[in-house]
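Number of protein chains: 2
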Amino acid sequence: MVTDGAASGADVSKLRELNSLSVVKAMRGQPPATVTELAARTGLSRPGTDVVVRGLVSDGWVKVVEPDGSSVGRPARRYRFNAGAGHVLGVDVGGHKILVLLADLEGKVLHSHRLPVEPEADPVARLGAVDTAITQCLAGAGMRPDQVWAVTVGVTGPVDATGRTTLFTPLPGWSSVSPAEHLSARFSCPVLVENDCKLGAVAERWQGTAQDADDIVYVLAGMRTGAGLILDGTLRRGYGGAAGEIGALKAVRWLAAPSHLENCPGIPSDVHPNDRAAWVFEHARTGDRDARTALRKYVKDLAVGAAALVLALDPQVVVLGGGYSRSADLIIDPLARELGRLCLRVPEIRASTLGADSVALGALRVALDHIDAQLFTDGMPAPLVLSS
Amino acid sequence: MVTDGAASGADVSKLRELNSLSVVKAMRGQPPATVTELAARTGLSRPGTDVVVRGLVSDGWVKVVEPDGSSVGRPARRYRFNAGAGHVLGVDVGGHKILVLLADLEGKVLHSHRLPVEPEADPVARLGAVDTAITQCLAGAGMRPDQVWAVTVGVTGPVDATGRTTLFTPLPGWSSVSPAEHLSARFSCPVLVENDCKLGAVAERWQGTAQDADDIVYVLAGMRTGAGLILDGTLRRGYGGAAGEIGALKAVRWLAAPSHLENCPGIPSDVHPNDRAAWVFEHARTGDRDARTALRKYVKDLAVGAAALVLALDPQVVVLGGGYSRSADLIIDPLARELGRLCLRVPEIRASTLGADSVALGALRVALDHIDAQLFTDGMPAPLVLSS
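The listed protein sequences correspond, in order, to chains A and B.
Heads up: the first sequence at position 317 corresponds to 317 in full-length UniProt numbering, and the numbers run straight through without jumps.
Heads up: the second sequence at position 10 corresponds to 10 in full-length UniProt numbering, and the numbers run straight through without jumps.
By construction, these hints were calculated from the structure, which means they are not laboratory data.
Backbone N, C-alpha and C define an ideal beta-carbon position, used for all residues, glycine too.
Each hint should be verified, as a subset may be incorrect.
Straight-line distance between alpha carbons at most 25 angstroms, and here's what the computed DMTMM-like set of lysine to aspartate or glutamate pairs gives [stated by the list, open to error]:
{"no.": "1", "chain 1": "A", "residue 1": "K250", "chain 2": "B", "residue 2": "E338"}
{"no.": "2", "chain 1": "A", "residue 1": "K108", "chain 2": "A", "residue 2": "D369"}
{"no.": "3", "chain 1": "B", "residue 1": "K250", "chain 2": "A", "residue 2": "E181"}
Derived DEER-like restraints, expressed as beta-carbon distance ranges [said to hold, decoys possible]:
{"no.": "4", "chain 1": "B", "residue 1": "E106", "chain 2": "A", "residue 2": "D232", "range": "25 to 31 angstroms"}
{"no.": "5", "chain 1": "A", "residue 1": "R46", "chain 2": "B", "residue 2": "P31", "range": "44 to 50 angstroms"}
{"no.": "6", "chain 1": "B", "residue 1": "R41", "chain 2": "A", "residue 2": "T377", "range": "23 to 29 angstroms"}
{"no.": "7", "chain 1": "A", "residue 1": "R341", "chain 2": "B", "residue 2": "D214", "range": "49 to 55 angstroms"}
{"no.": "8", "chain 1": "A", "residue 1": "P273", "chain 2": "B", "residue 2": "A256", "range": "34 to 40 angstroms"}
{"no.": "9", "chain 1": "A", "residue 1": "D232", "chain 2": "B", "residue 2": "R41", "range": "49 to 55 angstroms"}
{"no.": "10", "chain 1": "B", "residue 1": "V65", "chain 2": "A", "residue 2": "D160", "range": "46 to 52 angstroms"}
{"no.": "11", "chain 1": "B", "residue 1": "R337", "chain 2": "A", "residue 2": "D160", "range": "19 to 25 angstroms"}
{"no.": "12", "chain 1": "B", "residue 1": "V51", "chain 2": "A", "residue 2": "D232", "range": "34 to 40 angstroms"}
{"no.": "13", "chain 1": "A", "residue 1": "D160", "chain 2": "B", "residue 2": "M143", "range": "50 to 56 angstroms"}
{"no.": "14", "chain 1": "A", "residue 1": "D50", "chain 2": "B", "residue 2": "R41", "range": "37 to 43 angstroms"}
{"no.": "15", "chain 1": "A", "residue 1": "R341", "chain 2": "B", "residue 2": "R296", "range": "45 to 51 angstroms"}
To list a few chain B residues with every Cβ distance to chain A over 12 angstroms, as calculated [to be verified]:
{"no.": "16", "residue": "V65"}
{"no.": "17", "residue": "A141"}
{"no.": "18", "residue": "G163"}
{"no.": "19", "residue": "P265"}
{"no.": "20", "residue": "P268"}
{"no.": "21", "residue": "D369"}
Please put together the full structure from these sequences, using the hints given.
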C-alpha cells in the first residue's frame, strides 16, 4: 500500500523497526561493514542508518568491530551482525542414532553430538537418548537451554499440525509420541517437529548439492525410501503435513525396493542386518553377479516412485540422499536410464553432499526460518527479551 | 525497501503510477464507488485519490457513473473500472471440438462459439477450425482482433517454454505445431499456449468448485486421463512445463483406465466410439452388471494415479473434471473408498461444476493474469496505447 498522507507517531516507530530489519538483513552473512556501506546497501540515508545501527548495538543485535589501526588517518568503525545473540538446535531422531547440532543465528554449527540407539528402542528409551544427546551437546558448547531460541526435531513419518506423527511412522510405538511436548518441559522456546525427508530436502537446498535450484525432488534412499519436495524454493508440507509420502503407494514399488538389497543371495550370515545393503554395494563394485543383479532390481524399483514424482512435478533437480547415497556412483547412472525410459523430461540427478548430517542440518534451517519469521512479522525486540 | 530520503521526480511519477494501480485494484469486481470510498479502500488521501481517479478517467481505465438524481441534495459521482477497455480470448483446442470464449477485463464472458472437429483431423484442418471459431466469436461480439489484449490457447499434452507440445501430445501431428506462431499472424497481442488439464484446474479455482482451496489436484477424467495442479493458489507448470503428467507412468494405470469403459461387454455396435463410456455410465446407473463391473475397474485404475498425486502433494481438494465428471455421482464415492485404502490422508473430492467450458474458462483467466502481470510490472499506459 502506498500512502501519501503524513506519517503518524505509530507509523514512525514502525518505520524505524522496518529500517532496523533492513539493516540486519544487509549485515547477515556479510563481512563487517561501515555505516556508509550499510546506507548504500539499504538505500537509507547515512544519518538515518547511523541512528538505526546505534539502536541495534545497544539492543545487542549488532557488534562493533574496532579498527585495527593499520590504515592512515581515522578509519571508520565497522559493524557486524551478532550471530551469537541466540542459538538453535537441530535434532535428528533416526532409527539408529540421535544427532544434535547447535548453531548460531547465521547457521554456523558450534557443536554436535551423536548417540547411537537400538532400532527396536521404545519411545521412552528413544526420548531418553534425545535428552542425553541434547544435554551433551549443550554442555559441550557451554550453553544453557535458555540460550536456545528454537529447536527443530526431525522424525520419520509425516508430521501433522500438532507435531505428532499420527498418520504413519516406522519407529516402534512412536505414533503416540509428541517430541514437542516432551522437550517443552526443558525449553521455553518454540519446539518444532518435522519429517526427516522434508528436512533432508531443506538441507540440500541450504548447504548441499541443490543450492542453485528452486524445484527439487529429494529422494531419501536407505533402509526406508522417502521423499521431500522443495517447490519455488519453499518446503512443501502439504495440507495435512503429508506431502512427499508417495512411497506408501504399493504401485510405485518403494516399499519393496530395499528388500532386493537386503535379501541378496550370498550375504554372509554374520553381516549385521543394518550392513547388508553396504555389503551388496561393495560386492557390486567388484563385479559380483548376485550383487549386481540385486542392485539393478533395487534401482528399477526406486525409479518407479522417483518417476511418479518427476512426472507429477517436473522438477529441476532430483537429489539422491539417505544412507545409500554413499554409493550414489553405483545408483545415479542406472537411475537416470530408468527415468529416461519412464519420464517425459528427465531432470538432472545429483548425489547428496551432506550425507548423514542432512536431517539435523535441515532441522537447524527450519529453526532459523522460524526465528526469522517471528522477527520479520512481530518485529525486533532486544535479544535478551527473546531469550528469557 | 523503506527509504527516508526525499523522493526524486522519477519517484513521484512512479508513486503516482502505483497509486493508480491501487485505485484500479480497489475498483475491479466492485460496484461503482465514490472518491471518498476509494480513498478509504486504498488508504490514500481524498485529494490524492481525486487526482488519480481523474487521470484514470482521461486515460480510459475508469468510467464515470452519473448520479441518478434520486437522492436529496447533490449526490457524489461514482466511478467504476472500465472492464470493456480491453478483451481476452480463451480457446480450447480439444479432440472433438474447438471452443472460443471472449471476455472483458473483469472476466465476464461476452460471447462464445463452439465448433465440432473430427478426432482424426490433421493440424492444418484443426488450426483452420480454430481460425473459423475465432472469426465467428469475434463477429458475434462485434469485435476486431486489435481489441483483444491477450489470447490463451489450451491444447492437450505438456507445453514447453516456446509454446509447443514437443514432449507428448495425443492429437495427430500436433507435436510440430505452434498455435502461438499461427495466431500471431492475426493478433499482435500476446498469444499464450497452455496444457488443457492445467487450464481446467485454473478454471475450477477461479469460478468452479474449488474457489476456497489453495492446494488442488485437478483430475481430467475422460477418454484421456490427465491432471493439473494448483499449489499455494498458483498453477504449477513445472521446470519444463510438464507438471501433472503422472498419467504417462504405466504403473499408475491411467493409460489403461478408460479402456475398461470403452471395452465394456454389451455395448451395441452402432454406439459411436465417443459415446461408449456414456453408454456404460447410463447402464451402470440402471444396474446393468457388466456396466457396473466396467465402472468399478475404471475407478480402481483412476484411483491409483489419483492416489500417487494425493500422496505426493497432500492437497486440500481433489477435483474430478473432464467429460466423465458428468457422471461424477457414480465415480466420487467409490473413488473416495479407493483413496481411503491407498492414501495416508484422504482429501475432499469434489465434482467439477464448469463441465465442458472449463478449459476455455481457464484460458481466459491465464490471459487476464498475463495482462495484470504486465500492468503491475510495466505500469499503466492508457488502454488505447496497449490495444494498438
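Next item on the list: Would you assess whether P268 of chain B, listed as outside the interface, keeps its beta-carbon beyond 12 angstroms of every beta-carbon in chain A?
Entry: 34 angstroms, holds
Next item on the list: Take a look at whether the Cβ-Cβ distance between R341 of chain A and D214 of chain B falls inside 49 to 55 angstroms.
Entry: 35 angstroms, violated
Check: So the hint says 45 to 51 angstroms: do the beta-carbon atoms of R341 of chain A and R296 of chain B match that?
Finding: Between R341 of chain A and R296 of chain B, where Cβ atoms are some 31 angstroms apart, the hint is violated.
Checklist line | Claimed clearance of chain A by A141 of chain B, with the beta carbon kept past 12 angstroms | finding: 36 angstroms, holds
Checklist line | V65 of chain B and chain A, when compared Cβ to Cβ, separated by more than 12 angstroms | finding: 25 angstroms, holds
Note to self: Next pair to validate is K108 of chain A with D369 of chain A; report whether the Cα-Cα distance is within 25 angstroms.
What the structure shows: Between K108 of chain A and D369 of chain A the Cα gap is close to 14 angstroms, so the pair holds against 25 angstroms.
Item checked: Non-interface claim for D369 of chain B versus chain A (Cβ beyond 12 angstroms) -> Answer for D369 of chain B: holds, closest chain A Cβ roughly 16 angstroms.
Next item on the list: Take a look at whether the Cβ-Cβ distance between P273 of chain A and A256 of chain B falls inside 34 to 40 angstroms.
Entry: This hint holds: roughly 38 angstroms between Cβ atoms.
Notebook entry, point to check: When you check the alpha-carbon spacing of K250 of chain B and E181 of chain A, does it fall within 25 angstroms?
Noted result: Violated, at roughly 44 angstroms.
Item checked: Pairwise beta carbon distance, D50 of chain A to R41 of chain B, judged against the given window 37 to 43 angstroms -> At roughly 38 angstroms between Cβ atoms, R41 of chain B and D50 of chain A fall inside 37 to 43 angstroms, so the hint holds.
Check: Holds or violated: 46 to 52 angstroms for the Cβ distance of V65 of chain B and D160 of chain A?
Finding: Taking Cβ atoms as reference, V65 of chain B and D160 of chain A lie about 51 angstroms apart, which means the hint holds.
Notebook entry, point to check: Is the gap between the beta carbons of R337 of chain B and D160 of chain A within 19 to 25 angstroms?
Noted result: 23 angstroms, holds
Consistency note: the structure conflicts with the earlier hints numbered 3, 7, 9 and 15.
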